[in-house]
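Chain A is already provided as a structure; the job is to place chain B on it using the hints.
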Amino acid sequence: MIQHGGFVVFEVRRRRQTKKNITEDLAGYLFMTPTILVMGTFVVLPILYAVYLSLHKVKLLGGIEYDFIGFRNFTRLVDDERVWIALWNTVQYVIIVVPTQTILALILAVTLNSGIRGRNWWRILYFLPTVTSSAVLALIFMWIYNTDGLLNDFLTFLGLPTYNWLGDPQVALKGIMLMNIWSTAPFYMVIYLAALQDIPQTLYEAAELDGANNWQKFIYVTVPLLKPVTFFVIAMGIIGTFQLFDQSYIFSRGTGGPNNSTLTVVLLIYQAVFRNLQIGYASAIAFLLAFLIITISLIQRRFLGSDKPYS
Amino acid sequence: MLKFIGIALTIALSIISCHSLPIPSNYTSSQVVNIKLSGWGASPSEQKLLKQVLQNFETQHPNIQVKYEEISDQYMDVMKTRLIGEAAPDVFYLDALEAPFLMSQGVLEPLEQYITPEFDSSDFEVKLLESFKYKNQIYGFPKDYSTLALFYNKKAFALENLSNPPATWDELRTYSQQLTIERQQDGRISQYGFGEIPELARQVYKIKAFGGQVVDDQGYAAFASEAALKGLQLVIDQYQKDRSSVQKSDVGTNSASEMFGQGKVAMTIEGNWAIPFLNDSFPNLEFATAELPRINDVKGTMVFTVAYVMNKQAKHKAEAWQLISYLTGKEGMEKWTGTGFALPSRKSIAQKLGYNQDILRSALVAGVDYATTWQVGKYPAEIMNNFDNQFISVMLGQQPLKQAMERSQAVANKQIKAME
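These protein sequence lines map, in sequence, to chains A and B. The numbering of the first sequence is my numbering, which starts it at 1 and goes up by one. The numbering of the second sequence is my numbering, which starts it at 1001 and goes up by one.
It is possible that part of the hints are untrue.
Stated by the list, open to error - In silico DSS-like cross-links for lysine-lysine, where the CA-CA straight-line distance does not exceed 25 Å:
id, chain 1, residue 1, chain 2, residue 2
1, B, 1312, A, 59
2, A, 59, B, 1135
3, A, 59, B, 1414
4, B, 1352, A, 59
5, B, 1315, A, 59
6, B, 1417, A, 57
7, B, 1312, A, 57
Stated by the list, open to error - Covered stretches of chain B (in silico footprint by chain A; criterion: 3 or more residues with CB under 8 Å from a CB of chain A, positions within the stretch not fixed):
id, region
8, 1078-1088
9, 1103-1113
10, 1284-1294
Hints are computed from structural coordinates only; laboratory data are not their basis. We treat Cβ as the ideally placed atom computed from N, Cα and C, and that holds for glycine.
In isolation and in its complexed conformation, chain A is listed as follows (with noise of 0.2 Å):
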């Protein structure tokens, strides 16, 4: 559900080739050869693969064929319609839930870190939906979502309209949505949660000197402040809702229905390797994920990016 990555920084510095560099450089190869053999063998030779694969139909049952294809597979994803759809509905997804996932998440460390009682139960019991595995909560939110279950009762004794949320196309993907946002949220909050407690007090007791109130302490000295976070909170939500795959898996039983609602980019590589046993063209609706993850993120960079908050 939430993919957590590293950022590797590798400072390259040229240096001037003497003899006592050389076999510092290689003492640091050394030390890093587990990392670059496990890292080669498991990110960078798939990676490579891939490459070759998307440009070849791929014959898999009865005997490996591999037919030199060229673009075809790339050509094919514009004519297909439910790339789009997917797209769209993994699009629309993240739209809505990295920033409501965000807000929230703010939302609770800010509470939780205004001093309220017992704060390190609370802490605890918004954690815990966090902790459960996504498949089970997958499960459990379909009994909620049930056409006679808990969130229809509650919605009938509200007096609201109730829905066929797992059946209808309308409001099946909003249903994922609501299950994500309520089971993430809490993850960004301790990271949250976390960066406020670094915030020093000094420049609150500042900003009061010059007769700032509550709602502008926390516009003008909290948000800023926490900037760096956001910007690894937002990129790890769009990330991590990009790769939508397990919980429209499980509800829609791998199908993506009703009527193509819940199926997402992931959930269509899914099927093209594993239904479908097409390899190649499932390589090339990698790429298109891939290139837009990294666009995004990019892009994203630009606004948020830099590290020091009031740039």
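Chain B alone, transformed into the frame defined by chain A:
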């Protein structure tokens, strides 16, 4: 550091090499052969029955040991992946729906050569055996089958003074309206007339009744023809205009038998699998079965069948055939179908077990003669998914039937073309 890596490597290598060495105990007891068998998960009692049948086989063939492995979810996805990875079992279940694709890919062993006269392959229902033939070769023998029949709630019928099950689809619709009842005056309907499953697997006979077809001779989708639409319109009209039918999720259930068992619908169309389920889960339910109502004055129903097939890569083919021929042979099939979980695909066993006299099962058995086999060409997933997706949106009134079917047919055919 290096020393440590060296030691670790040695340990790892020795473990790996030991693992691939033949285990000596295998060879001591006079060449016992292991046969791997896979199927999908079923109810615990059905699972127990299969274990018993396999045990009987093992006592008769002491040189063969059967290792049964159940694949509980996404059976075909798992099976295809294992076939590619050359890790597939020697013998496995294959649904008729998926058979054309696997048979065309050359991953199954043709079984013609193994058949002995005493196996008596002419005893099988021809229609069922046909499903596993490809280019004049037989690739599997059906282990059992089920057709669809109309299940109706006797109490609900008696309350409305209905004595006979509907014989035509028009009758079914008038009955449904009569049986759609609001018991408490709260605006919520407590019992609907008919429980509908809007999936292609349950609609093909309606398409056929007017002369339509699901796939054409080349295996492309063809369900948007005028004739096919006529059949499908019946479902839509009942759901939207009469409002006397519901889908399973409308009433918060997971299957047609569940909504029927809970009394949310008075009639539904289900197969043999529903009988043990209803008896187990709803012992107080009084229900009966009947042949499906005629549509356009044509009798029709679906038949679903599953066969045992052999992996082409199987190492011990002779022993694998022994297993298949026992399980689908007269003795094994009688044991397997004797308790009523499934209907026997051999005519002689059907006669022996007397299912054509059974009150609940006679309607199912009668259907096999005029039933349509649930098989839609080499690319069932494309045809099914596109149909089901669009058909649901028609049910919900989001688009007209003709437009939806034409669209899904076009999309399905585009996908099939890209795969060929």
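Review point. Of the hints stated earlier, which fail here?
Key: Failing hints, ascending: 4, 10.
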